[in-house]
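What follows is the residue order along each chain.
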Amino acid sequence: MQQSLPGTRSVARLLGLGNRRPGDTLFRGITLLLVLFVVVIIAGVVWIIISNSMLTIQRFGFSFLTNQAFDPVHDVYGVGPAIFGTLVTSAFALLFAVPIGVGTAIFLVDFCPLAIQRPLAFIVELLAAVPSVIYGLFGFLVLAPWLQGSAEPWLQKYLGFLPFFQGAFHGLSLFTAGVILVIMILPLITSVSREVILTTPTAQREALLALGATRWEVIRHAVLPYSRIGITGGVILALGRALGETMAVTMVVGNQASPISPGLFNSGYTLSSVIANQFNEATPGLFFSAVIEAGLLVLLITLITNIIARILIYRMGRVGGLVA
Amino acid sequence: MAIQVRNLNVWYGHKQALHDVNLTIESRGATAIIGPSGCGKSTFVRCLNRLHEEIAGSRVDGEVLVDDVNIYARSIQPVYVRRHIGMVFQRPNPLPARSVFENVAIGLRLNGLASGAALKEVVERSLKQAALWNEVKDRLSEPASQLSGGQQQRLCIARALTIEPKIILMDEPCSALDPISTFQVEELIRELRDTYTVVIVTHNMQQAARVAEKTVFFLQGKLIEEGETGRFFSRPAMKETADYISGRFS
Amino acid sequence: MSALIERQQPAANPFQAPRTVHNARRRASNIAIIALSLLATAFAVAVLLFLLLYILRQGLPYINIDLFTKIPTPNGEPGGGIGNAIQGSLILVGLASLFGIPLGLFTGIYLSEFGGRTAIATGVRFLVDVLTGIPTIIFGLFAWIFIVVPQQGFSGLAGGAALGIIMIPIVARTSEEVLRLVPKELREASLALGATESRTILRVVIPAASSGIITGIVLAMARVAGETAPLLMTAFGNPFFNSDITQPVESLPHTIFTFAESPYQGQINQAFAGSLVLIVLILITSFAIRWATGGFKQRVQ
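Residue numbers (numbering that gives the first Met the number 0), protein chains in the order written: chain A, 0 to 323; chain B, 0 to 249; chain C, 0 to 300.
Bound-form chain A, shown alone (with noise of 0.2 Å):
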């Protein structure tokens, strides 16, 4: 046996090399350093990031997100209303996809005959599937004119008292954002929320049919409290994903600035369709940075959503049995 440094023989140990032979020291190590290779491109995209937009984040600081002109003429940048943007239509979208998407989970577990289980599954999960460059595609063309012509003056006729509602129809808007992100985050949480109720305990369900529950009660008293936190993971991460989302949005938004108004119909813009509008004129310089700081926000929300999604996601996996 070779003699080795001091100290190598506790660090090789930590990296699982050790004692064997040199071809598995190779393929280990190999192994070890694509890993590692990983790891760098990861943390080096979060850095990249964060350094490039230094230079907006310590001239404007805070108000970056306040500011409501992405000014490049006036070197003065600010994403209030993509801030805005953002955040209603993927509050929109949840408002929408997550009744839609329990509902479908429910029916697909608990009502549909199982012979049509697994395709319809299938089915709904291929939404999921389609690209985002084709929603936009269709929302652009189709929906867009469709809901400024029929959807929009319709719900002004009857529901115009609520704010959200009033104010001149455009077919690229806030509001038809919205309706492209529940459709594309549907499959999200129909899928999460199936597997979710699917873990049910039958012991729970068994409970209450033998007390003479109807199909609805034993959803409402056993499976909804046991599924909650999961299904609650599964949302989050479905906000994550509306509020990440970049092409098919910034194909139906409309990209023009409007005063922050409750008006959904008016056209606005993400801090997506921004960065996916304003890459090309960026000037190096404060305008880069900004559009740089504007994908930070991104990254930044998407990952919290994610992270706090996950740890839900992990506590169902503990929670819901008894101590018997």
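Warning: the hint list may mix true and false statements.
[Said to hold, decoys possible] The calculated lysine to any residue pairs, modelled on SDA-like cross-linking and capped at a C-alpha distance of 25 Å, are:
1. K238(B) - H18(B)
2. K156(A) - F95(A)
3. K238(B) - T23(B)
4. K119(B) - R24(C)
5. K183(C) - E196(C)
6. K14(B) - P35(B)
7. K165(B) - R189(B)
8. K165(B) - P13(C)
9. K183(C) - G22(A)
10. K127(B) - A96(B)
11. K165(B) - V20(C)
12. K119(B) - V20(C)
13. K165(B) - R26(C)
14. K119(B) - R219(A)
15. K165(B) - A23(C)
16. K119(B) - P17(C)
17. K183(C) - D23(A)
18. K119(B) - K136(B)
19. K14(B) - D109(A)
20. K165(B) - A16(C)
21. K165(B) - R18(C)
22. K183(C) - T199(C)
23. K136(B) - S114(B)
24. K165(B) - P17(C)
25. K165(B) - A202(A)
26. K221(B) - E52(B)
27. K14(B) - A202(A)
28. K238(B) - T228(B)
29. K183(C) - I29(A)
30. K221(B) - S245(B)
31. K156(A) - P144(A)
32. K183(C) - R202(C)
33. K221(B) - G56(B)
34. K165(B) - L64(B)
35. K14(B) - P112(A)
36. K14(B) - R117(A)
37. K136(B) - A117(B)
Honestly, the hints are just simulated from the structure, not real lab data.
Starting from the known structure of chain A, arrange chains B and C on it as the hints suggest.
Showing chains B and C alone in chain A's frame:
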């Protein structure tokens, strides 16, 4: 409260679990269903409250008459069958996040049978019947998951009793319990059998001998023998019964 | 004396539903929920079917050889095709695979074979999972800053790099899952026969998990074939055929993006045709994956 089973055939998908079962169970008293693992005793009992059909791909053929009414008749909904035929399961299954009180009360609430003061009265009475009241009277608002295994099982029994079922089915109710809790539950069964028709599935022959007046033996989905418990164990009529009792297979 | 309301009105047949308001309400709620959840499911299914059929209808008439072999005409003149986009997508996905598959696969190997439950492996796994949640435009920004800006030009290389990063977690996760499923006995048998650890992994474990690994790779490739956002600021776009990856490269999703908003009907038609091609590709891979994982077999030697 009498049960009459006629030509019962039951399937899980393509696999037949029960073959042509015919059995009469008198009103009141306890009947034990025994047999080796996989003989169909649990399946049988779950057909008595139409719980078996909740399993995807299952099929039931035949008649089960309770007080001369076929519970499998087309005009009858399973929900209202189960409301009158209570069940206690192998592993205690209270709703974990709910309080002790709410767990017992839920049957009453779902079926709209009582509310307010009357509800409280029924809950207390059922808990006393289940010999659990003294242990939980000061813990009614605690989550049910805090109780011990034996207490949870008695909770489940109390829960079943609140809605005054005609029949109480028990699927190996003591197999997850320690000896003392088992003793308490068996005591309970001996009390309940004076008022209710109790059908208890058990793999423990001594338990059958202790709590049931009548015993039924299943093997591979067929009813082999039934009879008064004393005679059943001392002079079994069928060879298979004798083999099982003497432990030649289990 | 029973305190229960029901008993005060005994029904002739005790198993019939008691005719009370309460029970009527229960029945109504039950039916309402069935109806609502059915409606929700119908909505989801209807949307997908409508989308697919609409694209089929609008795009099918324009699927022809020209679509794949010609490049776009200037100023919206009739004719032409999106051959440059098809070629570009093939190049970009190929480049991304070159980059993403080895990195993803070896990360999967590490997590399954070497890392196990160590703290480092858990950390790596967490990072990889986090990677999947990052919107793809961020990787475009990364490649933009890292490659495009210093090179002072858009390039297929930058696009491929961005897409490659997207592939890594998909390949890593599916590979890890599938490698874990390979029975311990198989590894032990190989080691007992005298094979080294690396030989065992390369010659025994990976082949046993090969169909699952390939599934993961196909999944990742289909995913990035549809990505647009990261390509906006990296590969950018190119109206001509181009196989030089140091230059801008067109891609199918990018063409769909630009043509959808075009003032020329001819280009809009081609956008639909291109979408149809892309969707068919996605559908084929989705079904193929479904079929493959449905009959997931392991080779036991």
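Evaluation of the provided hints:
no.	hint	in the structure
1	K238(B) - H18(B)	holds, 19 Å
2	K156(A) - F95(A)	holds, 21 Å
3	K238(B) - T23(B)	holds, 22 Å
4	K119(B) - R24(C)	holds, 23 Å
5	K183(C) - E196(C)	holds, 13 Å
6	K14(B) - P35(B)	holds, 18 Å
7	K165(B) - R189(B)	holds, 16 Å
8	K165(B) - P13(C)	holds, 10 Å
9	K183(C) - G22(A)	holds, 21 Å
10	K127(B) - A96(B)	holds, 23 Å
11	K165(B) - V20(C)	holds, 23 Å
12	K119(B) - V20(C)	holds, 22 Å
13	K165(B) - R26(C)	holds, 23 Å
14	K119(B) - R219(A)	holds, 23 Å
15	K165(B) - A23(C)	holds, 23 Å
16	K119(B) - P17(C)	holds, 23 Å
17	K183(C) - D23(A)	holds, 19 Å
18	K119(B) - K136(B)	holds, 12 Å
19	K14(B) - D109(A)	holds, 23 Å
20	K165(B) - A16(C)	holds, 16 Å
21	K165(B) - R18(C)	holds, 20 Å
22	K183(C) - T199(C)	holds, 11 Å
23	K136(B) - S114(B)	holds, 19 Å
24	K165(B) - P17(C)	holds, 16 Å
25	K165(B) - A202(A)	holds, 22 Å
26	K221(B) - E52(B)	holds, 19 Å
27	K14(B) - A202(A)	holds, 23 Å
28	K238(B) - T228(B)	holds, 17 Å
29	K183(C) - I29(A)	holds, 23 Å
30	K221(B) - S245(B)	holds, 19 Å
31	K156(A) - P144(A)	holds, 18 Å
32	K183(C) - R202(C)	holds, 15 Å
33	K221(B) - G56(B)	holds, 21 Å
34	K165(B) - L64(B)	holds, 13 Å
35	K14(B) - P112(A)	holds, 20 Å
36	K14(B) - R117(A)	holds, 22 Å
37	K136(B) - A117(B)	holds, 17 Å
When held up to the earlier numbered hints, the structure conflicts with none and fits them all.
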